[in-house]
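Novice: Sequence:
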Amino acid sequence: VQKILDRCWDILDTLPASLLKLRLLTACYGEVFDEPLADEARAIIASWDSVSLTTEQQEAINEFQTVVDNPYPWEYVEE
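Quick note on numbering: the sequence shown equals residues 1 to 79 in this note's numbering.
In short, the hints are calculated from the structure, not lab data.
Some hints could be false.
The calculated EDC-like cross-link candidates involving lysine to aspartate or glutamate, where the alpha carbons are at most 16 Å apart (straight line), are [to be verified]:
#: 1; residue 1: Lys21; residue 2: Asp69
#: 2; residue 1: Lys3; residue 2: Glu56
#: 3; residue 1: Lys21; residue 2: Glu40
#: 4; residue 1: Lys21; residue 2: Glu63
#: 5; residue 1: Lys21; residue 2: Asp10
#: 6; residue 1: Lys3; residue 2: Glu31
#: 7; residue 1: Lys21; residue 2: Asp39
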């Protein structure tokens, strides 16, 4: 996983703000929970016109929000 993340860091810096970059940021954030990744993803989402989102954009936003809201989906947390 670390080798994949290392490669992602190199690619992220070269990608423009886009659906692809949001998906990559989401995947990376889901592994390391580094807040600057989430901030960049939020900036991409904020740059989109919420009235005219494509189905793919909406799916990517939902996926990102799920990762942010539930960072440990496979862990049982005792309350």
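Novice: Each of the hints needs a verdict: does it hold here or not?
Specialist: How the hints compare with the structure:
The suggested pairing of Lys21 with Asp69 is violated, with an alpha-carbon distance near 20 Å, which exceeds 16 Å. A hinted pair counts as satisfied when its Cα atoms are at most 16 Å apart, and Lys3 with Glu56 does not qualify at roughly 28 Å. Using a Cα cut-off of 16 Å, the hinted pair Lys21 and Glu40 holds, with the two alpha carbons roughly 9 Å apart. A hinted pair counts as satisfied when its Cα atoms are at most 16 Å apart, and Lys21 with Glu63 qualifies at roughly 13 Å.
A distance of roughly 12 Å separates the Cα atoms of Lys21 and Asp10; the hinted pair therefore holds under the 16 Å criterion. At roughly 12 Å between alpha-carbon atoms, Lys3 and Glu31 fall within 16 Å of each other, so this suggested pair holds. A distance of roughly 13 Å separates the Cα atoms of Lys21 and Asp39; the hinted pair therefore holds under the 16 Å criterion.
The earlier numbered hints that this structure contradicts are 1 and 2.
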